[in-house]
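Put together the whole structure using the sequences plus the hints.
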Amino acid sequence: MTVRDGPYLRGGRIHEVVAGEAGDASARVFAARIAGNRDGVCLWIAGGRMPPLCPHGLSGLVDPGALILVEVGTPLDGLWTAEEGLRSGAVGMVVLESERPLDLLQSRRLQLAAEAGGTTGLFLGPDSGNTAAETRWQCRALPSADANTIRFDWRQVKNRRGRSINWKALRDETTGRMRMDAPSGGGAGAEECAGSGSALRGGGGGRRKLDALLAEHGGA
Amino acid sequence: MVAEVGASSTLCSLNTAARDAGLTCGMALADARAILPNLGMAAQDTERDEAFLRALGRWAQRFTPSVTVGARAGSDGTLILDAGGCAHLFGGEIRMLGEIRDGLARFGLTTRMGLADARGGAVALARFGEAGRIAPPGGTRQMIEPLPVAALGLEAGRCADLVRLGLRTIRDLAALPHASVARRFGVETVRLLDRALGVEADPLAPLAQTAPHAVRMSLPEPIGTTGAVAGILDALLTRLCARLEREGLGARHLDLSIRRADGGSDRTGVGLMRPGRDARTIADLFARKLDDLDAGFGIDSLRLHATKVEPLAAAQIAQGSDPQGGGAKGEKLDALLGRIANRVGFDAVIRLAPAESHIPERSWLRFSAAHSEAGSDGWPVPRAPRPVTILTPEALTMEVAATRRPPARFVWRRQLFETVRATGPERITPEWWLDDPAWRTGLRDYWRIEAVRPAASCARRLWVYHTPEVPSESSALSRWYVHGIFA
Chain A
1 MTVRDGPYLR
11 GGRIHEVVAG
21 EAGDASARVF
31 AARIAGNRDG
41 VCLWIAGGRM
51 PPLCPHGLSG
61 LVDPGALILV
71 EVGTPLDGLW
81 TAEEGLRSGA
91 VGMVVLESER
101 PLDLLQSRRL
111 QLAAEAGGTT
121 GLFLGPDSGN
131 TAAETRWQCR
141 ALPSADANTI
151 RFDWRQVKNR
161 RGRSINWKAL
171 RDETTGRMRM
181 DAPSGGGAGA
191 EECAGSGSAL
201 RGGGGGRRKL
211 DALLAEHGGA
Chain B
221 MVAEVGASST
231 LCSLNTAARD
241 AGLTCGMALA
251 DARAILPNLG
261 MAAQDTERDE
271 AFLRALGRWA
281 QRFTPSVTVG
291 ARAGSDGTLI
301 LDAGGCAHLF
311 GGEIRMLGEI
321 RDGLARFGLT
331 TRMGLADARG
341 GAVALARFGE
351 AGRIAPPGGT
361 RQMIEPLPVA
371 ALGLEAGRCA
381 DLVRLGLRTI
391 RDLAALPHAS
401 VARRFGVETV
411 RLLDRALGVE
421 ADPLAPLAQT
431 APHAVRMSLP
441 EPIGTTGAVA
451 GILDALLTRL
461 CARLEREGLG
471 ARHLDLSIRR
481 ADGGSDRTGV
491 GLMRPGRDAR
501 TIADLFARKL
511 DDLDAGFGID
521 SLRLHATKVE
531 PLAAAQIAQG
541 SDPQGGGAKG
551 EKLDALLGRI
561 ANRVGFDAVI
571 RLAPAESHIP
581 ERSWLRFSAA
591 HSEAGSDGWP
601 VPRAPRPVTI
611 LTPEALTMEV
621 AATRRPPARF
631 VWRRQLFETV
641 RATGPERITP
651 EWWLDDPAWR
661 TGLRDYWRIE
671 AVRPAASCAR
681 RLWVYHTPEV
691 PSESSALSRW
701 YVHGIFA
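Heads up: the protein sequence lines correspond to chains A and B, in order.
Heads up: the first sequence begins at 1 in this note's numbering, then just goes up one per residue.
Heads up: the second sequence begins at 221 in this note's numbering, then just goes up one per residue.
These aren't lab readings, by the way, just hints derived from the structure by calculation.
Nothing here was measured: the structure is a model prediction, and the numbers come from that model.
It cannot be assumed that every hint is accurate.
What the hints assert, rightly or not - No farther apart than 20 Å at their CA atoms in a straight line, the calculated lysine to aspartate or glutamate pairs in the EDC-like style are these: (1) B/528 <-> B/467; (2) B/549 <-> B/593; (3) A/168 <-> A/153; (4) B/528 <-> B/504; (5) B/549 <-> A/115; (6) B/552 <-> A/39; (7) B/552 <-> B/498; (8) A/168 <-> A/181; (9) B/509 <-> B/475; (10) B/509 <-> A/77; (11) B/552 <-> A/115; (12) B/509 <-> B/567; (13) B/528 <-> B/567; (14) B/549 <-> A/39; (15) B/509 <-> B/454.
As the list claims (entries may be wrong) - Label pairs and their calculated CB-CB ranges: (16) B/260 <-> A/105: 53 to 61 Å; (17) A/174 <-> B/511: 51 to 59 Å; (18) A/174 <-> B/265: 56 to 64 Å; (19) B/673 <-> A/159: 26 to 34 Å.
All C-beta atoms, glycine included, are put in the ideal place defined by N, C-alpha and C.
Structure (structure tokens):
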């Protein structure tokens, strides 16, 4: 992993981005950046009533021609589509935008599908608390130094393997390209926009609960 | 049957009971109800009538290869069969007509038939002659001469003109010199007469011999489990796909209809992302739909119909490396999208393509992924930055009216923001050649603004616009809108 590439999300896992509102642009920029670093088609699933993604706005992040959008009517359809997409292994990445949080069982099912297909899944939605996701990110923009650059703050508030790493990303608005500042280590220091970040890092206790739940549901 | 002609409803087809009661075709519905208060009726459905006639035409192809659907007279359809060279197969013309009549009677249809040297003559005999008349070779003229002129298939007004002049029968008309008839009554009249008499050629455009891509299986014992249906479906698919492969076709949409032991029926269907004829893929798609079928007391027979087929060349088996890198991966993707589209709908699986428009919301096109390929030429870099999320314009509220530059303080989504930085304006004018209700407020000046909430460390990047062409008497406080979000 080099600084230039930005955050690395492990394949065959699902990851979460906390979206503060429907169609959260900062979360979408993060997802597009991750999708742009991967080969293959990106399956982008969103509720039909979400504010649409403007493909021109993704310039420099991901080729809109590599996106296949799926507009789903119900959250259940979205989960089903995401699971199918992750399991098939036919796409490089699956992005699921939802207005509902994931529960533990749903996230575990997605996680198993991602493992089966070796596909990366990214969930953009409200803060879901304890889930099977590998990492969780909070994305927001900071006041910037000049008019043409957007300064993003990508804060990793959960990481199942190791320490959290935060990133500062600079997006040039005219070309749309991103530049990464060196990552900084160390957990979620609570700032006011980060909200409930520190409450999420359910460690071993969550894992044990998960195992019990899985045993109960016969491996989800 | 009742047809809507202009504003009034008129009768267009009657059964014998109604005819006996004195109703006629063309009668107003109100009059008919006065005569027969308990009249049962149904609206005319021309499309279904025609589909039915075409189906009958296909049935009639068992008698002769060239069958066509003739002009309609009122609500009665006409089927025209070219019996030349076929009648002897059925033991002569009389027997052939008898067989056709019996066959149609089994469907519950009443028929009038005529057979003559020419199409027009046969139709005239069928409609106006005695039932089942056959004109001997060369005797068409003799047979149709006593018939009224209406038998030629003239329009009603022309017929009335002829009758008013005393030309009641075809004989009267045929006796006149052609030139004067043509001058007085139009060339069409002469042409119809010549065609009926077989003087002018009147070739037939036969219906295409298209057997539907369908296979059927009737079962000795009713079945009721999903597994059993899936087994039968596999057998049907094998047969259907073999046929599609022979003909170089691929199915786009397939329909499975079942007939239940109690006489009921049910159906379900699947669509394919790309034309395909791989029995396993199609069976996979059906697997999710079979549970929707209501088996009732058991299923008697199943019919699988490829309702939409498209040409599909034989695929070459991939040898070594595929230059596109697609191959198996592309097929997997198609299969995945097919499964998704069958659940969420084919319109909901979308690819995007750039469009030539400055209007932000029209600057890209959405295509159903089933009918489009990924574009090869990349996307243009936008002339000016575009937001990631496009909103339905949301009005800003502000304390002090801002006219040219974005407001310094405003409320958006019930939160107070302060503008830190504003870049713009970028003027976008509506496309006058398209009337878009959203753009009736005239041209817009777009600004990119960076806004912060007081005492917060994060910033928002918004795409706001102002409509300077809206007259100033309407509230100047509400002429700023958020149209997109960058961050």
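How the hints compare with the structure:
1. B/528 <-> B/467: Status holds; Cα separation ~14 Å.
2. B/549 <-> B/593: holds, 15 Å
3. A/168 <-> A/153: holds, 5 Å
4. B/528 <-> B/504: holds, 18 Å
5. B/549 <-> A/115: holds, 18 Å
6. B/552 <-> A/39: holds, 15 Å
7. B/552 <-> B/498: holds, 13 Å
8. A/168 <-> A/181: Cα-Cα ~5 Å, so holds.
9. B/509 <-> B/475: Answer holds: residue 509 of chain B to residue 475 of chain B is near 11 Å, not above 20 Å.
10. B/509 <-> A/77: holds, 15 Å
11. B/552 <-> A/115: Satisfied, since the Cα-Cα distance of roughly 17 Å is no more than 20 Å.
12. B/509 <-> B/567: Distance ~19 Å between residue 509 of chain B and residue 567 of chain B Cα, so the pair holds.
13. B/528 <-> B/567: Satisfied, since the Cα-Cα distance of roughly 17 Å is no more than 20 Å.
14. B/549 <-> A/39: holds, 12 Å
15. B/509 <-> B/454: holds, 14 Å
16. B/260 <-> A/105: 53 to 61 Å: Given about 57 Å between the Cβ atoms, the range holds.
17. A/174 <-> B/511: 51 to 59 Å: holds, 54 Å
18. A/174 <-> B/265: 56 to 64 Å: holds, 60 Å
19. B/673 <-> A/159: 26 to 34 Å: holds, 29 Å
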